[in-house]
Amino acid sequence: AQRVTQPEKLLSVFKGAPVELKCNYSYSGSPELFWYVQYSRQRLQLLLRHISRESIKGFTADLNKGETSFHLKKPFAQEEDSAMYYCALTTSGTYKYIFGTGTRLKVLA
Amino acid sequence: EAGVAQSPRYKIIEKRQSVAFWCNPISGHATLYWYQQILGQGPKLLIQFQNNGVVDDSQLPKDRFSAERLKGVDSTLKIQPAKLEDSAVYLCASSLEGPSEQYFGPGTRLTVT
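So the protein sequences, as listed, match chains A and B. Residues 1 to 109 (this note's numbering) make up the first sequence, in order. Residues 1001 to 1113 (this note's numbering) make up the second sequence, in order.
Worth flagging that the hints you see were computed from the coordinates, not collected in a lab. Built from N, CA and C at the ideal position, the CB exists for glycine as well. Check before you lean on any hint, since a few could be wrong.
To be verified - With a Cα cut of at most 25 Å, we get these calculated SDA-like pairs of lysine to any residue:
(1) B/Lys1044 with A/Ala17
(2) A/Lys96 with B/Asn1024
(3) A/Lys96 with B/Asp1074
(4) B/Lys1011 with A/Leu48
(5) A/Lys9 with B/Trp1022
(6) A/Lys22 with B/Phe1065
(7) A/Lys96 with B/Val1054
(8) B/Lys1044 with A/Gly29
(9) A/Lys9 with B/Ala1088
(10) A/Lys9 with B/Asn1024
(11) B/Lys1044 with A/Tyr27
(12) A/Lys96 with B/Val1112
(13) A/Lys57 with B/Leu1096
(14) B/Lys1044 with A/Thr103
(15) A/Lys96 with B/Lys1015
(16) B/Lys1044 with A/Ala109
(17) B/Lys1071 with A/Tyr95
Unchecked claim - A few chain A residues that don't get close to chain B, going by computed Cβ distances all over 12 Å:
(18) Ser28
(19) Glu32
(20) Gln38
(21) Phe76
(22) Gln78
(23) Glu80
(24) Ser82
(25) Gly93
Just chain A, same shape as in the assembly:
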């Protein structure tokens, strides 16, 4: 069965420190992977997707098929990065979306 695992419920870092939010997936096919973010009192929104290979707001994520991971990284955390982050996977064919349980990132001043 398809699954997305985010092992950390809460991650606290100091401003300026590097950030890595972990995401592992289980899927036998060829996945499409996404990171969604929800800032306080805002809607869930797309942060980035692996297929575009972009850097958004300083965040990057690389798909590692060998380790079945799609970790989200940023070299220097900012206070405005504090939010809830969800890793998601879509399956080929029906494009069913599967979300992880989310990681709350707190960036401390």
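Dock chain B against the given chain A, drawing on the hints supplied.
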């Protein structure tokens, strides 16, 4: 462009009552999703429509939940009768088609007492 609209934003009902949620997706978006998000968990897909056809409803509790998307635009999700464990935020999202970016609505927070 206008975003995904949902109503109501909040609803409190007693168990065994019925409730309905409405979603208006972004114009031109073929795919519409309903999610249930229980506190502390990620969104769980309940049903996915492609235009007005159902693509996936494998996690929809069909004995009490139903959904429809008339004319491939607006959608309603109904719960009848509600149980305490249905307390959650119900999110609607839409996308152009396939595995493209999803745009989420503000959600409806349901409390079943």
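Hint by hint, here is what the structure shows:
1. For the given pair, B/Lys1044 sits about 32 Å from A/Ala17 by alpha-carbon distance, which is inconsistent with the 25 Å threshold.
2. Taken as a hint, the A/Lys96 and B/Asn1024 pair is honoured in the structure, with Cα atoms around 20 Å apart against an allowance of 25 Å.
3. Proposed proximity of A/Lys96 and B/Asp1074 is supported: the alpha carbons are some 20 Å apart, at most 25 Å.
4. For the hint pairing B/Lys1011 with A/Leu48, the CA-to-CA distance comes to about 32 Å; that exceeds 25 Å, so the pair is violated.
5. The hinted pair formed by A/Lys9 and B/Trp1022 fails the criterion: a straight-line CA distance of about 31 Å is larger than 25 Å.
6. Proximity of A/Lys22 to B/Phe1065 is assessed by CA-CA distance (about 34 Å); at most 25 Å being required, the pair is judged violated.
7. In summary, the hint linking A/Lys96 to B/Val1054 is supported, as the alpha carbons are separated by about 12 Å, within the 25 Å threshold.
8. Between B/Lys1044 and A/Gly29 the alpha-carbon distance is near 20 Å, which keeps this suggested pair within the 25 Å criterion.
9. Straight-line distance between C-alpha atoms of A/Lys9 and B/Ala1088 comes to about 19 Å, which keeps the hinted pair within the 25 Å bound.
10. For the proposed pair A/Lys9 and B/Asn1024, the alpha carbon gap of about 32 Å is over 25 Å, so the pair is violated.
11. Annotation: proposed proximity of B/Lys1044 to A/Tyr27 holds, straight-line Cα distance about 17 Å (limit 25 Å).
12. For the hint linking A/Lys96 to B/Val1112, the alpha-carbon distance of about 28 Å lies beyond 25 Å, and the restraint is violated.
13. Taking the CA atoms of A/Lys57 and B/Leu1096, the gap is near 24 Å; set against the 25 Å cutoff, the hint holds.
14. Straight-line distance between C-alpha atoms of B/Lys1044 and A/Thr103 comes to about 16 Å, which keeps the hinted pair within the 25 Å bound.
15. As the CA atoms of A/Lys96 and B/Lys1015 are separated by approximately 30 Å, the hinted pair breaks the 25 Å bound.
16. The suggested pairing of B/Lys1044 with A/Ala109 is violated, with an alpha-carbon distance near 33 Å, which exceeds 25 Å.
17. Proposed proximity of B/Lys1071 and A/Tyr95 is supported: the alpha carbons are some 21 Å apart, at most 25 Å.
18. Once the 12 Å rule is applied to beta carbons, A/Ser28 is consistent with being away from chain B; the minimum gap is 17 Å.
19. A/Glu32, annotated as away from the interface, has a beta carbon of chain B within 12 Å; the closest lies near 5 Å.
20. Non-interface status of A/Gln38 relative to chain B is broken: a Cβ of that chain comes within 12 Å, the nearest being about 9 Å off.
21. The claim that A/Phe76 is not at the interface with chain B holds, since no C-beta of that chain comes within 12 Å of its own (minimum 26 Å).
22. Once the 12 Å rule is applied to beta carbons, A/Gln78 is consistent with being away from chain B; the minimum gap is 23 Å.
23. Residue-level check passed: A/Glu80 sits 20 Å from the nearest beta carbon of chain B, beyond 12 Å.
24. Look at A/Ser82: its CB is around 18 Å from the nearest CB on chain B, clear of 12 Å, so calling it non-interface holds up.
25. A beta-carbon of chain B is positioned within 12 Å of the beta-carbon of A/Gly93; the least distance is around 9 Å.
Violated hints, in rising order: 1, 4, 5, 6, 10, 12, 15, 16, 19, 20, 25; the structure is consistent with all others.
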